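*Asks:* What follows is the residue order along each chain.
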Amino acid sequence: MNPIFTLPLVGDIFSYDLWVIATASLVGALCGVLGCYLLLRRLSMLGDAISHAILPGLAGAFLLSGSRELVWMLLGAGVVGVLTGVLTAGLHRVAKIAEDASMGVVFTTLFALGVLLISFAARNVDLDPGCVLYGLIELTPLDTVSLAGIELPRATAALGAAAIVVGVVFAALHKEIKLVAFDPALAAALGLRPTLVHIVMVALIAGVSVVSFESVGSILVVALLVTPAATAHLLTDRYTRLLILSTLIGAASGAGGYFLAKRLDTSTAGCVCIVGALFFLSAALCSPRHGVLSRLARQAALRLRIGREDILGMLYRAAELRDTGLSTQDLRQGVGASTAIALFGLRRSGLITMHADTWRLTEQGHAQARQFVGTHRLWESYLAARLGLPPDHVHAATHRAEHFIQAGVREKLAAELRAGQPSESPLTDPHGRAIPGP
Amino acid sequence: MTKLLMSDLLRLITLQDSNTRMVLLGTGALGLAAGVIGALAVLRRRALVGDALAHAALPGVCVAFLVFRERSLPLFLLGALVFGVLGVLTMNAIRRFTRIKEDAAIAIVLGSFFGLGIALSGMIQRMPSGNRSGLDGFLFGKAAGMVQADVTLIAAASGLSLLGVAALYKEFKLVGFDRAFAGSLGWRVSLLDFILMSLLAIVTVVGLPAVGVVLMAALLIIPGVTARFWTDRLAPHLALAGLFGLLAGLFGSALSAVLPAPQSALSRGYPTGPLIVLVAGTLFAVSLFFAPRRGLLARWTTARALHRRIDDEHLLRDLYELHELRTPASINQLTTHRAWRSGPLRAAISRAQSLGFITHVDNTLALTPAGRDKSLRIIRSHRLWELYLHEHAGVAPDHVDRDADLIEHFITPELLAKFEAQLALGDGDALRTGALAGVPLSLHPPGTSTDEEPRR
Numbered sequence: 001m002n003p004i005f006t007l008p009l010v011g012d013i014f015s016y017d018l019w020v021i022a023t024a025s026l027v028g029a030l031c032g033v034l035g036c037y038l039l040l041r042r043l044s045m046l047g048d049a050i051s052h053a054i055l056p057g058l059a060g061a062f063l064l065s066g067s068r069e070l071v072w073m074l075l076g077a078g079v080v081g082v083l084t085g086v087l088t089a090g091l092h093r094v095a096k097i098a099e100d101a102s103m104g105v106v107f108t109t110l111f112a113l114g115v116l117l118i119s120f121a122a123r124n125v126d127l128d129p130g131c132v133l134y135g136l137i138e139l140t141p142l143d144t145v146s147l148a149g150i151e152l153p154r155a156t157a158a159l160g161a162a163a164i165v166v167g168v169v170f171a172a173l174h175k176e177i178k179l180v181a182f183d184p185a186l187a188a189a190l191g192l193r194p195t196l197v198h199i200v201m202v203a204l205i206a207g208v209s210v211v212s213f214e215s216v217g218s219i220l221v222v223a224l225l226v227t228p229a230a231t232a233h234l235l236t237d238r239y240t241r242l243l244i245l246s247t248l249i250g251a252a253s254g255a256g257g258y259f260l261a262k263r264l265d266t267s268t269a270g271c272v273c274i275v276g277a278l279f280f281l282s283a284a285l286c287s288p289r290h291g292v293l294s295r296l297a298r299q300a301a302l303r304l305r306i307g308r309e310d311i312l313g314m315l316y317r318a319a320e321l322r323d324t325g326l327s328t329q330d331l332r333q334g335v336g337a338s339t340a341i342a343l344f345g346l347r348r349s350g351l352i353t354m355h356a357d358t359w360r361l362t363e364q365g366h367a368q369a370r371q372f373v374g375t376h377r378l379w380e381s382y383l384a385a386r387l388g389l390p391p392d393h394v395h396a397a398t399h400r401a402e403h404f405i406q407a408g409v410r411e412k413l414a415a416e417l418r419a420g421q422p423s424e425s426p427l428t429d430p431h432g433r434a435i436p437g438p
Numbered sequence: 001m002t003k004l005l006m007s008d009l010l011r012l013i014t015l016q017d018s019n020t021r022m023v024l025l026g027t028g029a030l031g032l033a034a035g036v037i038g039a040l041a042v043l044r045r046r047a048l049v050g051d052a053l054a055h056a057a058l059p060g061v062c063v064a065f066l067v068f069r070e071r072s073l074p075l076f077l078l079g080a081l082v083f084g085v086l087g088v089l090t091m092n093a094i095r096r097f098t099r100i101k102e103d104a105a106i107a108i109v110l111g112s113f114f115g116l117g118i119a120l121s122g123m124i125q126r127m128p129s130g131n132r133s134g135l136d137g138f139l140f141g142k143a144a145g146m147v148q149a150d151v152t153l154i155a156a157a158s159g160l161s162l163l164g165v166a167a168l169y170k171e172f173k174l175v176g177f178d179r180a181f182a183g184s185l186g187w188r189v190s191l192l193d194f195i196l197m198s199l200l201a202i203v204t205v206v207g208l209p210a211v212g213v214v215l216m217a218a219l220l221i222i223p224g225v226t227a228r229f230w231t232d233r234l235a236p237h238l239a240l241a242g243l244f245g246l247l248a249g250l251f252g253s254a255l256s257a258v259l260p261a262p263q264s265a266l267s268r269g270y271p272t273g274p275l276i277v278l279v280a281g282t283l284f285a286v287s288l289f290f291a292p293r294r295g296l297l298a299r300w301t302t303a304r305a306l307h308r309r310i311d312d313e314h315l316l317r318d319l320y321e322l323h324e325l326r327t328p329a330s331i332n333q334l335t336t337h338r339a340w341r342s343g344p345l346r347a348a349i350s351r352a353q354s355l356g357f358i359t360h361v362d363n364t365l366a367l368t369p370a371g372r373d374k375s376l377r378i379i380r381s382h383r384l385w386e387l388y389l390h391e392h393a394g395v396a397p398d399h400v401d402r403d404a405d406l407i408e409h410f411i412t413p414e415l416l417a418k419f420e421a422q423l424a425l426g427d428g429d430a431l432r433t434g435a436l437a438g439v440p441l442s443l444h445p446p447g448t449s450t451d452e453e454p455r456r
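If you read the protein sequences in the order shown, they are chains A and B. In terms of the numbering used here, the first sequence is residues 1 to 438. In terms of the numbering used here, the second sequence is residues 1 to 456.
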């Protein structure tokens, strides 16, 4: 039994590991919410840009204030973070540089400046580059503050405060953020100041980056700002659900990453990214509507249905013309690769039987095929009579459309074609064959 | 101190120090290749792919170490290259098979691969054999420690990628500007894209040990964007991007070798990577402001000259219109005639005065004969355009003024002649022609029309 399963989850709620999990989940949830905005604005790399660009802000704030207090760090990072957003947008708008390129210019230059500033005061600053990159979430519970009599890890408390701020902003600006995320131009036309909303969001992202920095490092912030939101985007088409799902997936990545890291005995930050990526991979494959596998399954089901309907049609026509059945070989020529599976299914549902190597319709199968062939001929007649297609051009078009004509449409077609004809005479298709009734 | 600096500089310029020579060669070659390849990536709107690639290469280094249990640079680079290409393929797969857009695909690959790299490097660190295996070097780069073998490798990779660009120049050009057209010619656009991204990966990977992850991205992006300010043609663009990359590499390394080490620094001198990037950033800033035509300064001056010309022409036209109305033109009168702001109005008046177009006596402005000639030309443009709009585009007389106000400054003499021919304006046409030959009467004379609101 692996030791991680003996974690005291019940009882001792202030256990060390639980705080680490809580911290990782909080980072995940916070980044998850904010990432939705970036995803919808198609600015996902802005998270990467901001989390790198705030380095000179951190270094500068330290050099000016001489302290590593969170307030100073937040101030420095907030200023530089907003500056990154503004400069990126400004270069894009004023100098006509593509948005991603201007982002790339701004944040790499600022990052270089940051590294230089740090080396400028190398002895004083204990801004360890390694810590900035991957953080030391495993150690967060060691550094505690006392809040209302409860001993809290400092990072967790800061993240909690950030969560409250983000929550309040999202509650207060729900409509504005939603509109700006989807359609900044419309938002501007409605008088909503999209630039202001954007700056608020950029400031929030910069703030959350700083708060998350010390615990989980910059890369984790980058990953969590995009992966949960993208995962949620694969699962839902509604904005509110996107926010909620992204938050939950972010939190789950945080917690899952912790357990994976315990198991592999390695960096929690890295494992949180991996778990987030695994969530994304599962959603990309299996999401009911947008997943790759789901899409393949839907296509296969459709192909199979078409195969079955085509087989019924072929057998019906063979019976009608020559009163014969058809061999598997004949059917395969008309239906293609899905023949074998379609035959198996039809036989199991009792729609066809086999006699002396030829397939024939059962009574039940005949009824269904009659309906299907009826639809085919109705559509052919409609194309010829109402749209004026020549009789020798209607078959191919109908062969594709016939699988998608529903019962209601079929009845309307029949009524339309019957209008103006004596009701007793049977309808015939352009090739002169009778159209079987329902 | 100064003497020390001078001797350092001398040693640098004469390339006496073999270490400095290596570093300069290496960073210069890297900057050149990264500039050219990066410029192509920027044109393909894939500026940040280089950044993602640089991050995605990290797990490759770890895997190479885990597989071969050996700290050898070529093996590390091979691993990095494999994972870099894998990252590109993953990006393409996400974009192609899911609804996730390019930007998010890049960020997902960056975060996930780098996270994997960090997890792997954490595992390596906890293994008995070893301490990070020089992985941190890949994150931040150590250009100053470059040796001959590194330089050979960088030069080879740079040469290879430049050859690739030269061989496929026509293809990259077309794919960069018109993907759909390239596809319609039967070219395998996705294959070409993949080749470009692979070249990008090669350059990125050899650059990692020198300048590190983030600064490698800078070398790929900044020169390409900078070159865009100077030219609109692809070949000069690529050449300039290469040149800017080269300059950034050379000057950055030179600065780091020459600058005196900061007092408190533990290491010797400033780190090379950030200095290279800051040089590139400076080149960018200089181009942003001072490039001819596309630079901000050039655009500002062009825009300012245009605004001035428009103001000048408006002033002359206003004076003529007031003259037509037999109203004495004072500054107050002008501001009721048009929504002038006082600063630009005074500036326009003093410009017109110094050119001898108007006189300004006792707060009364009057056109000189030269000014009258010039104002006639402007008012002809205005009124002919109004007439044209009215007669040929069916615009109502009280709607033509604003439009003509905007366009009158851009009507060439040839166009004017065509208007006159079209409108068949003769001296005998008393209804449309005013007292002055060739100048039609206003379609909306003040006081007679409904156009009573103040004009802007």
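Calculated directly from the structure, the hints in this document are not laboratory data. Note that the structure is a prediction, hence the values are computed from the model and not measured. Heads up, the beta-carbon is just placed ideally off N, CA and C, and yes, glycines get one too. Keep in mind that the hints are not guaranteed to be accurate.
What the hints assert, rightly or not - In silico lysine-lysine, DSS-like type, Cα no more than 30 Å apart, as pairs:
no., chain 1, residue 1, chain 2, residue 2
1, B, K173, A, K175
2, B, K101, A, K96
3, B, K374, B, K418
4, A, K175, A, K262
5, B, K418, A, K96
6, B, K374, A, K178
7, A, K96, B, K173
8, B, K101, B, K173
9, B, K101, B, K170
Stated by the list, open to error - Here are some chain A residues pointing at chain B (derived, C-beta under 7 Å):
no., residue
10, M45
11, V105
12, L293
13, A301
14, L304
*Asks:* Hints first: check each against the structure and report whether it holds.
*Replies:* Status of the hints after comparison with the structure:
1. For the proposed pair K173(B) and K175(A), the alpha carbon gap of about 44 Å is over 30 Å, so the pair is violated.
2. Distance check on the hinted pair: K101(B) and K96(A) sit about 22 Å apart at the alpha-carbon level, within 30 Å; holds.
3. Between K374(B) and K418(B), the direct Cα distance comes to roughly 20 Å. Compliance with the 30 Å bound is thereby established for this hinted pair.
4. For the hint linking K175(A) to K262(A), the alpha-carbon distance of about 41 Å lies beyond 30 Å, and the restraint is violated.
5. At roughly 36 Å between alpha-carbon atoms, K418(B) and K96(A) are farther apart than 30 Å, so this suggested pair is violated.
6. The hinted pair formed by K374(B) and K178(A) fails the criterion: a straight-line CA distance of about 55 Å is larger than 30 Å.
7. Pair hint K96(A) plus K173(B) holds up; C-alpha atoms about 20 Å apart against a cutoff of 30 Å.
8. Only pairs whose Cα atoms come within 30 Å are accepted, and K101(B) paired with K173(B) is accepted, the gap being roughly 24 Å.
9. Annotation: proposed proximity of K101(B) to K170(B) holds, straight-line Cα distance about 28 Å (limit 30 Å).
10. A least Cβ separation of about 5 Å between M45(A) and chain B falls short of the 7 Å threshold, and the interface hint therefore holds.
11. Nearest Cβ of chain B to the Cβ of V105(A): about 5 Å, under the 7 Å cut. The hint holds.
12. Taken as an interface hint, L293(A) does not check out: its beta carbon lies about 10 Å from the nearest beta carbon of chain B, beyond 7 Å.
13. Using the Cβ-Cβ criterion of 7 Å, the hint placing A301(A) at the interface with chain B is not satisfied: the shortest such distance is roughly 19 Å.
14. Interface hint status for L304(A): violated, as the beta-carbon distance to the closest one in chain B is roughly 22 Å, over 7 Å.
In summary, the structure is inconsistent with hints 1, 4, 5, 6, 12, 13, 14 from the numbered list given earlier, while agreeing with the others.
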